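Asker: Keeping their order, the protein sequence lines are chains A and B.
Read in order, the letters of the first sequence correspond to residues 1 to 255 in our numbering.
Read in order, the letters of the second sequence correspond to residues 1 to 455 in our numbering.
Just so you know, these hints were derived from the structure itself, not from any lab.
None of these values were measured; they are calculated from a predicted model.
Watch out, some of these pointers could steer you wrong.
[Unchecked claim] Simulated DEER-style distance windows between Cβ atoms: (1) A:Glu-208 to B:Lys-249: 42 to 50 Å; (2) A:Leu-197 to B:Lys-242: 54 to 62 Å; (3) A:Asp-7 to B:Arg-390: 33 to 41 Å.
Each residue gets a CB set at the ideal place from its N, CA and C atoms; glycine is no exception.
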Amino acid sequence: MILFTYDKTFDGLLSCVFFAYEKKKFPDRILSESDQKPLFVDEQYYVCTEKEKSGRVWKGLEKKLSKFAQNMMLSVWLSELPEAEMLLFRYIRKNIDHPQGIEMNFGDDDVLRIKDIAQKVANDARRLIQFVRFQETADGIWFAPVSPRYNVLSLIAPHFKSRYAGQPWIIYDTNRNIGLYYDTRSVAEVSFAQKDLPDLKTGGLDEEKLSGEEASFQEMWREYFKSITIKERINLKLQRQHMPRRYWKYLTEMQ
Amino acid sequence: MKNYQPDRYFYDFKFVELISICFLCKRNTNHATGKMNDKTLEKLKILADAAKYDVSCASSGTSRNNVPGGIGTAAGWGICHSFTPDGRCISLFKILLTNQCIYDCAYCSNRRSNDVKRTAFTAEELAELTIEFYRRNYIEGLFLSSGVMRNPDHTMEQMVRVVKLLREVHRFNGYIHMKTIPGASSELIAQAGVLADRMSVNLEIPSEQNLKLLAPEKDYPSVFAPMRFIQQGMLESAEDRKKFRSAPKFVPAGQSTQVIIGATPDSDKQILTLASALYKRPSFKRVYYSGYIPINTGDDRLPALAKPPLVRENRLYQADWLMRFYEFKASEIVNDAHPDLDLDIDPKMGWALRNPAFFPIDVNTAPYEMILRVPGIGVKSAKLILTSRRYGRLNSVQLKKMGVVMKRAQYFIVCRELPMQTVNELTPQYVRRQVSRTQKKQAAELLQYSIDWGE
Chain A
1 MILFTYDKTF
11 DGLLSCVFFA
21 YEKKKFPDRI
31 LSESDQKPLF
41 VDEQYYVCTE
51 KEKSGRVWKG
61 LEKKLSKFAQ
71 NMMLSVWLSE
81 LPEAEMLLFR
91 YIRKNIDHPQ
101 GIEMNFGDDD
111 VLRIKDIAQK
121 VANDARRLIQ
131 FVRFQETADG
141 IWFAPVSPRY
151 NVLSLIAPHF
161 KSRYAGQPWI
171 IYDTNRNIGL
181 YYDTRSVAEV
191 SFAQKDLPDL
201 KTGGLDEEKL
211 SGEEASFQEM
221 WREYFKSITI
231 KERINLKLQR
241 QHMPRRYWKY
251 LTEMQ
Chain B
1 MKNYQPDRYF
11 YDFKFVELIS
21 ICFLCKRNTN
31 HATGKMNDKT
41 LEKLKILADA
51 AKYDVSCASS
61 GTSRNNVPGG
71 IGTAAGWGIC
81 HSFTPDGRCI
91 SLFKILLTNQ
101 CIYDCAYCSN
111 RRSNDVKRTA
121 FTAEELAELT
131 IEFYRRNYIE
141 GLFLSSGVMR
151 NPDHTMEQMV
161 RVVKLLREVH
171 RFNGYIHMKT
181 IPGASSELIA
191 QAGVLADRMS
201 VNLEIPSEQN
211 LKLLAPEKDY
221 PSVFAPMRFI
231 QQGMLESAED
241 RKKFRSAPKF
251 VPAGQSTQVI
261 IGATPDSDKQ
271 ILTLASALYK
281 RPSFKRVYYS
291 GYIPINTGDD
301 RLPALAKPPL
311 VRENRLYQAD
321 WLMRFYEFKA
331 SEIVNDAHPD
341 LDLDIDPKMG
351 WALRNPAFFP
361 IDVNTAPYEM
371 ILRVPGIGVK
381 SAKLILTSRR
391 YGRLNSVQLK
401 KMGVVMKRAQ
411 YFIVCRELPM
421 QTVNELTPQY
431 VRRQVSRTQK
441 KQAAELLQYS
451 IDWGE
């Protein structure tokens, strides 16, 4: 078994591709330094990340793949699934080896899998756009805790940036302890101190941290939610299908 | 996917340690409280409850960027922000301006003769509430409807005022759907059309004589006149915009309408023929079907239903999709021999079983339009099949992975393997038994052992 180790960055993965073609050694596993190594390893290489080499690989892919397929690859990377590295590696390799690229061949398992994962990531991002709930804090920042399955914050930033251009907001991923902070000019990455985390995870902020009118608007929204329901048509299964339970934690109307 | 365009190296965010910037300070106690009070809450309850029977809640069809100093965008793809326990989407803040009404329509909860609490929002109140909900990402925009107070023109004027406030004072750039009050003057509709994204006039009852029966004060001309006017405005604006890019858009997301299902004896054929005639108009985006819910009891013009006709409503939506995305004609889905949709099987399967001669279809060679007609293959999987078969012939395992529902599709296709038994060998009656809903239900019931204790 041939094993590559790298620094767990997207550039690092592209460097692995470059390295493999340069040395004519194709890995069976790609892991980061800190991962558990498999038992039987014949050869092991540490691949240094070099922006120049990864850039060349990406340029080559840009020639063969549509913007759509490129975005799918980035989405798969954001999924942070354990299988993502090898899947992307095989996908890139197949595209390099095929004269026209195999982007549209959904009969191929890897192409289909890339599409499926990218779709899941896109769905997660879409759900976030749907179910983010801002609360106005006492110091005028609009705060929204979220817990997406994949690392999709960077995908949703442009949407919220243009929609709420005039209000400073924070969207905070409580699973990964990382958030986006928009100060009405640009978006920055932020993270809270460890001791504040348990409070954030429960969703609701303390009364004293909220702005004066926040509680009454939340109350109105809950009442609206109740009133707009048609009792004769109750269909909880359908509700859960569209709005899975794992999003309810931070939804104002489900508290 | 196309909505997210991550650049090569994602976004280069700068990293800020945010421990002391916010949250840990105490509330600013001199914050003004109480513009929104209990009275607003009470109004909200009444007017939301009165608005809930309108099904349309889509926010798709236009995309718009933010304007400097304003708030809001329109995403182009509909975003649902929540789902109520009845499984319906909340995308827009659906609300009535008032539930006072001069009309007395038999099917409506706000009719004159009903003894319900009447109330009305002021324009300022409603505009502010919309903005506050929007800021919290509860909604995509406003769906403004109203009972008719005094006369149609007066009502329409009040509604236009709300929307004007939103657009011009609050600089709101999100989605706005406005109901047109039948009988309102065309000047008011013209004003509204420039401000709103979508406008709609509800037909409610799929045939004129039944509308006359249930809503004696309404008639078809008063519904179709504003529809025609909106369409004309849209076409003119499209022409103008070819010459001047800055010409204002008029109802950019088109118009829609709603019909109530099951309140009158109208057949599905009547409903779908009407819908397909409407879809032929360039401005028409959606026809909504609303299963009749008996709100007003004791009116002998209306049927007594135990449950709203939800299955029929679902089948109508399926047929609607067939007309809009699958290139089916209304006459193929329902005709004189079959004026109503089959509740046991979906309309596409129904068509396939009536036309077994059309099948089997070879997915590796057939054109797109024919693949679309196979039950169990949708638009997405049909497109995947089309692009993938260039690389080699497809087999049934690959089809399944692409999302084809083989349980239904197997009787109508051949692929790389030896042909399976198709509808022609097995007869349509057999296939029907295999896929029908009631059959499945009965089988499931049989499996549940009922224990008879002989008491």
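Asker: Compare the structure with each hint and give your call.
Answerer: Structure-based check of all given hints:
1. With their beta carbons about 46 Å apart, A:Glu-208 and B:Lys-249 fall inside the hinted range of 42 to 50 Å.
2. A:Leu-197 and B:Lys-242 have their C-beta atoms about 56 Å apart, which keeps the hinted 54 to 62 Å range intact.
3. Distance hint for A:Asp-7 and B:Arg-390: a CB-CB separation of about 38 Å, consistent with the stated range 33 to 41 Å.
Violated hints for the displayed structure: none, as all numbered hints are satisfied.
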